[in-house]
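Chains as they are written, first to last, in my numbering: chain X, 5 to 134; chain Z, -4 to 223; chain W, 50 to 356.
Some hints could be false.
[Unchecked claim] Quick look at which bits of chain X chain W covers, simulated, 3 or more residues with Cβ under 8 Å:
1. 7 to 14
2. 31 to 45
3. 48 to 56
FYI, nobody ran anything at the bench for these hints, they're computed from the structure. Backbone N, C-alpha and C fix where the C-beta goes; we use that ideal spot for every residue, glycine too.
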Amino acid sequence: MSMIDDSRPIFLQIAELIENDIVSGTIGEESQVPSTNEFAAYYRINPATAAKGINLLVERGILHKKRGIGMFVSTGARAQLLQTRRKDFQTQYIAPLAREAQKLGIGADELNAMIKQSLISELTEGSGIR
Amino acid sequence: MSRVMNVARMQLINKWTFLGIPMVILVGSTALTIAIWAMIPKGGILVSGSSQAVVWYFLALGIQSLTLTFPFSQAMSVSRKTFYLGTLGLFATIALAYAVLYYVLGLIETATGGWGMGGQLFALGWISENNAGVQILFYFVIMVLLFMIGFWCATIYLRWKATGMLVLGIGVALLTLAWVGLMSMNHWWIPFWTWVGSATVLGLALSLGVLCVLLAGGSYLTLRRATA
Amino acid sequence: MNDTQAPAIELRNLTKSYKDLNALDDISLSLEPGRIYGLLGRNGAGKTTLMTMLTGQGYPTSGEALIFGANPFEHDQTLARICFIRESQKYPDDFSPLQAFKAAALFFANWDQDLADSLAKDFALPLKRRIKKLSRGQLSAVGVIIGMAARAEITFFDEPYLGLDAVARQIFYDRLVEDFAHHPRTIVLSSHLIDEIANLLEHVVVIDKGRIMLNEDAESLRGSAVAVTGNAEKVEGFINGYEVLHRDSLGSLASVTIKARLTATQQEMAAELGLELSPVPLQQLVVRTTLAAQSREELTESQEALK
Chain X
5 MSMIDDSRPI FLQIAELIEN DIVSGTIGEE SQVPSTNEFA AYYRINPATA AKGINLLVER
65 GILHKKRGIG MFVSTGARAQ LLQTRRKDFQ TQYIAPLARE AQKLGIGADE LNAMIKQSLI
125 SELTEGSGIR
Chain Z
-4 MSRVMNVARM QLINKWTFLG IPMVILVGST ALTIAIWAMI PKGGILVSGS SQAVVWYFLA
56 LGIQSLTLTF PFSQAMSVSR KTFYLGTLGL FATIALAYAV LYYVLGLIET ATGGWGMGGQ
116 LFALGWISEN NAGVQILFYF VIMVLLFMIG FWCATIYLRW KATGMLVLGI GVALLTLAWV
176 GLMSMNHWWI PFWTWVGSAT VLGLALSLGV LCVLLAGGSY LTLRRATA
Chain W
50 MNDTQAPAIE LRNLTKSYKD LNALDDISLS LEPGRIYGLL GRNGAGKTTL MTMLTGQGYP
110 TSGEALIFGA NPFEHDQTLA RICFIRESQK YPDDFSPLQA FKAAALFFAN WDQDLADSLA
170 KDFALPLKRR IKKLSRGQLS AVGVIIGMAA RAEITFFDEP YLGLDAVARQ IFYDRLVEDF
230 AHHPRTIVLS SHLIDEIANL LEHVVVIDKG RIMLNEDAES LRGSAVAVTG NAEKVEGFIN
290 GYEVLHRDSL GSLASVTIKA RLTATQQEMA AELGLELSPV PLQQLVVRTT LAAQSREELT
350 ESQEALK
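Chain X with its partners taken away, still in its complex shape:
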């Protein structure tokens, strides 16, 4: 599985993959997420590691357990994740962008225009697909 890499512990990556699906709306709130064993089999990882990733999300209140049934996405989980992601957006994406722009001598106005253009094409393409 190319989705799992060696840069960080796998359980963090599993947690992030589930988060991504929640943020994008692939897994709706109050719907069930795959079981530990299903994750393990799909990503070919140790079941204990998959469980650790899921437990991390339980601790954060993103997922909750329904006894005897499985794991479900909590109500408000998406909003909670969006909030955190927005906070990280600056450091994770904007800072490197600014750094590279400076290296290439791209000014603020030019950068602004480029971002605008990308946003527009993303929106049209996005609506085209959906």
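Please arrange chains Z and W on chain X, whose structure you already have, making use of the hints.
For chains Z and W alone, coordinates are given in the frame of chain X:
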């Protein structure tokens, strides 16, 4: 205990090696001998040792039951002791069955006048004079003895490889030489042969039985620290 | 026996010597039950010897090898809880795989015939052919099937994939994860193909020259090292103070693997310096750690020689 029984069952999974071949040897050699007797001109008593082939096969059984199965038994998480008990128990039982079979075939031979041809295959004079118990014991001890020799040699090879065999060979040769020398120097040959001549089948079976026990003990001590 | 408290596997100052060679050199280790362990190391590092001691197939020169707190050597009760198929496992010459499975069913209380059958099908194993006529890969498959279908409390796999092609190896790994998920137990996978099994392992033990080099949770190893690449001077400045596992250089370019978990700020700093940070796969990490430990050892040895 059930694991000991399971070792016996494991040895019997491939029935051909340990049960089929000896049967084929027995039936084949007997049939062949009788066929030869039927072809040669009649006269006197016909004696053949061909039926003893199975007895000798116990030497091969001793070797095979160890070399073929011991390393596998280790993978089956069987202790050496359990392997030893199960294997010895099984082949002692088989030896006993063959001993009884020999006795019964001897009875049939006598009753049919040597298979109708005055032949001697199973009821060999010197042995068949004795009662059933002694005859069976004698055959049993001989087969177990050969089995133990094969089993121990195979164990020595497993544990010490060619060096072990060499040491064993030299050891046996030296012991034989020492024994011959001792006998000659003390002029013990005549009393020895007199003793052998006067020995009863029972006496011989018992003294070989003691040898069997010694070999069995030696085999166990050798196997106890062997690695597959 | 005190099962609840005794670790699944325990080694106490275990040494195994052959003539003048120490195959295992004063090893101590304790592994808890219910996990998949990777026993990693180069060929001849002592992996097989270690498993031989742990399964009562051999005996130590000194020290102890314990399974659930008991010495397995000649101890049937303890042996019954273990399954160890050697890489060069011998089978009775005249056996077919079917007969080997029949024997295994006699000795392993949890033997699952259905699992054995379905694995045999997956591996396309000719069940009635004599074992001595099987190919190396098919022979490995027999060992893998016995090891898995035995469902022993502790299962040792000794380089189980020899002769198996990539597809068959993937089948093995997939089925192992699947079966472990439903029947958790202690599994020790000995291997030098670390990349292939890295994600299956929960804990990693690396041995080299009969000694333990690394004994850590796989997850805490992941991301515990990083390769810093860029201008040699800047790299040297950045890595100052960290344990260096490996150094490569090409002209003014340097790539240094360091033992470090960098914070976001440090990562940013590296980026500002124009340095590239790249993750170190488990296999690389094991190789680097082993080699680094070796060169340290050689260094102390030569220092001692100088004194």
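Can you take a look at whether the stretch 7 to 14 of chain X is actually covered by chain W? Rule is 3+ residues, C-beta closer than 8 Å.
Three-residue rule met by the stretch 7 to 14 of chain X, so holds; n is 7.
Verdict on chain W covering the stretch 48 to 56 of chain X, criterion of 3 CB contacts below 8 Å = Answer holds; 7 residues pass the 8 Å Cβ test.
Counting residues of the stretch 31 to 45 of chain X whose CB is closer than 8 Å to a CB in chain W, do you get three or more? holds (count 4)
Of the numbered hints given earlier, the model fails none.
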